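A.B. asks: Here's the letter readout for the chains.
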Amino acid sequence: MVLTGLMGFLGWRSAEKAAENADWVTHTYAARDAIDATWKQVIDMETGVRGFAVTSDDSFLEFYREGQRALPQDLKLVRQLTADNPAQQQRLERLVAQVNARLEVLSATLETTQRTGVPPKALLVEGKRRMDAVRATVAEMEAEETQLLDRRTKQTGTARRVTKAIISAGSLLGMVLLLLSGVAIGREINLSARLRQQLNSLNADLEQRIAQRTAALRESEGRMAGIIQSAMDSIITVDEEQRIVLFNAAAEKMFRCAANEALGQPLMRFIPQRFHAVHASHVRRFGETGGTGRAMGGMGALWAVRADGQEFQIEAAISQIVTGGNKLFTVILRDVSERRKAEEALTGQAEELARQTDELLRSRKALETQTLMLQSVLDSMAEGLVVADEDGKFVIWNTAAEKIVGLGATNLPSQKWTEHYGLYLADMVTPFPTDQLPMVRAIHGETTTAQMFVRNSQLDEGVWIEASGCALRDKDGAVRGGVVAFRDISQKRADEQKIRQLNEELELRVQQRTAQLEAANKELEAFTYSVSHDLRAPLRHIAGFSGILQEEFGGQLQPEARRYVERIQQGTHRMGLLVDDLLNLARVGRQELRPQVTGLAPIVSAVIADLEPDTEGRKVEWRIGNLPYVEADASLLKQIFQNLLSNALKYTRPRDCAVIEIGQSEVNGQTVVFVRDNGVGFSMKYAGKLFGVFQRLHRAEDFEGTGVGLATVQRIVQKHGGRIWAEAELDKGATFYLTLGPAKDAEFEPQTVIAGEDLR
Amino acid sequence: MNDSLVEILLVEDSQDDIDLTLHALRRERLANNIFVVRDGEEALDFLFCSGKYADRSFDRPPKLVLLDLKLPKVDGMQVLERIKGDPRTKSIPVVVLTSSNEERDLAAGYSLGANSYIQKPVDFEQFRRTVKDAGLYWMVINQAPVSNGVADTAGKAR
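Protein chains in written order, with the working numbering: chain P, 1 to 760; chain G, 1001 to 1158.
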């Protein structure tokens, strides 16, 4: 019994020990939970402060305040539960210090955020550092408790084995009893411990989950609140009575109304009076349809009114939800005043654009009309007009231009123009220098005029053009191209050339006339000289002989004869006066040429007829050939032939039969009239004197004459611009040649032809 | 007429002038050995012993030449030019007979070396006086330039 009792005692002790061990396991669980709770509390507090820092939502601070209240309890619990463990106590002291340090920073963070609205970054960083320290200590403490739990669980197992040994060492009865009871107790203890352990574990797990869920919900709520608060659009939630229950920061700003003033107010307050009825019906209909939402702008632009009464335009999205049996409407509003203004401005701009487009179209039409007018003007111009831009690209080339130069505008560079259009200098063979072309110079800003000859594949004959070019300038004076106008001056040039030629002819005539005048003057001088010399000589003779008669034979003369001699002397004196008068007359008189087309044949015939008395008693053979028509003064022509034919008669006087030939021949392509005789002729040595006034090659008693005849002939011939010369040989006759016009002038026409026609 | 004894050579184409001149010279007894030629060519032949006067000698030149300017063929000016331009004849005095002052001025302008000019006046008396003065002067009074016995002949002619 004692043994049994001892055994029982030992068994009891062992069981007691096992039970005690089981208690310690539970205790350890509790300690670990307490540590965990404390940690969670710190986390909650931190989360609350961070939520507040992010959202400025006071509700987050609930976590913080709760923690402030609960944390000391949690720590106290941990202290109690770890009182048996000096190492844990030490750790706890450290934890407390670390938690306090963390809370200190948290408090400061909260304070700063409340004061400034901005979470201080530096403190957040410091907070994290301190939190990490807390976390490390917590982990250390939890690890200790976990280790204790492990060890105590093992001790419990050991106690059970001891108890079993005691029982086996007891009496059978006792042993059995003890065994039975021990087994029962052990089972009981084991079950109980396990159940407690399971319960604790479940509780802890549940609590942890709840805490986590709560934290997640709180975080979500906080995040939502943050989103709502920080949304750009105004968010207003109203209850079924249209009372405002949420009014975010954007709404505050939009309506210029603080949230605390707006909350609980009817929404109508922010709707202009005139839309109240409409709004009410909208709300009713929306509620009835039960739709969950309507997109932004789905209701078009609406009008809203700010707290200060200013109206503005908004777009709205609306949604309705039912929570806890309450119907809530949430509207999201967007101020579209600016957009409307922009849209209106845009509309204005569009109208302006349309107006400008109209204007532009009208201008273009006007421009087209002007262009047409310009084109028809350009096309109707007689002058060629071409315009090129500053790059030498032709932009205008009117019809006349193409007609004059035969070619249209070209795309060739200016260096090729001369070749392309066939432009030449005045000599008609040297290509016109391209850098001197009026258009090229016009593009260089110069104003020029040039004449050029144009000959190309289209213009075989070539044309002369006169072109004037000048630069085209914009309103700033910058050269933008060149314009060249030109005209065909071929006819003008031909006319000018004709005029020039006529002038030259005129000049020639003037020279001829001058020569005639000079000859006339010379002749006049010679005549004057002769009058004072040769005509005075016979006068002197008369005077001389009558003087001798009077002086030497006066005594022998009858008085009547003396009177006659006296009268001769008087007559001589009178004749002297007459000579002087004649001299004066010769100086003053100048015969004008009266040229007319005259046939020479009738003139010659007339002269021969006039000379008939001189041929009396003589044998004269007249040979008259073909004679031309000439443009000459008929009376002077007659004098020519009177002189030449009477000379021929005179100097053939010694001949038994005088042969006098009158005809025409051609010398150097010019018709020449000649008079040939078979008279005494003369030495060509004195031919130069032949036509001098009063020059004679024969003695006066051989052949009478004044020496004026041939001079007179020469004078007449010269007056007609002709020439006279003679060929002769002493004793073998003489031939006189004459022309009645300038060399190579076809003034002589063969009279035979005309005469022949006359005959027909 | 023996032309080797010629004292005065009269070069004149006009018979009237010849007759009148000779008449005047006769009146002054200066007409004994007067030789008349009718044109310039003949005058030159006579003076330069050529042509039909080829047998004449330069040794007996006329003592005086009365030279009309207006002559056929070779005119008086050319004759004067030849006389005064040739060393054999240039010492022969030449009295130029002119019809007008104009002609005289022209001849003088040529500076051909005529020894004297006589304008043939329409007034015959005046003409005769002039011829006499000139003939006397050159043939009788002024004998200095003559070195070949002309003076003697002149004296004889007187």
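Don't read these hints as lab results, they were simulated from the structure.
Take these hints with a grain of salt, some might be off.
Said to hold, decoys possible - Straight-line Cα separation of at most 25 Å, DSS-like style, residue types lysine-lysine; simulated pairs:
1. LYS1052(G) / LYS732(P)
2. LYS689(P) / LYS522(P)
3. LYS1052(G) / LYS685(P)
Please read all numbers here as calculations on a predicted model, not as lab measurements.
A.B. asks: Against each hint, give a clear statement of whether it holds in the structure.
C.D. replies: Hints, one by one, checked against the model:
Taken as a hint, the LYS1052(G) and LYS732(P) pair is honoured in the structure, with Cα atoms around 23 Å apart against an allowance of 25 Å. Distance restraint check for LYS689(P) and LYS522(P): the Cα-Cα separation of roughly 15 Å lies within the 25 Å cut-off, and the hinted pair is therefore satisfied. Taking the CA atoms of LYS1052(G) and LYS685(P), the gap is near 20 Å; set against the 25 Å cutoff, the hint holds.
Against the hints set out earlier in the document, no violation occurs for any number.
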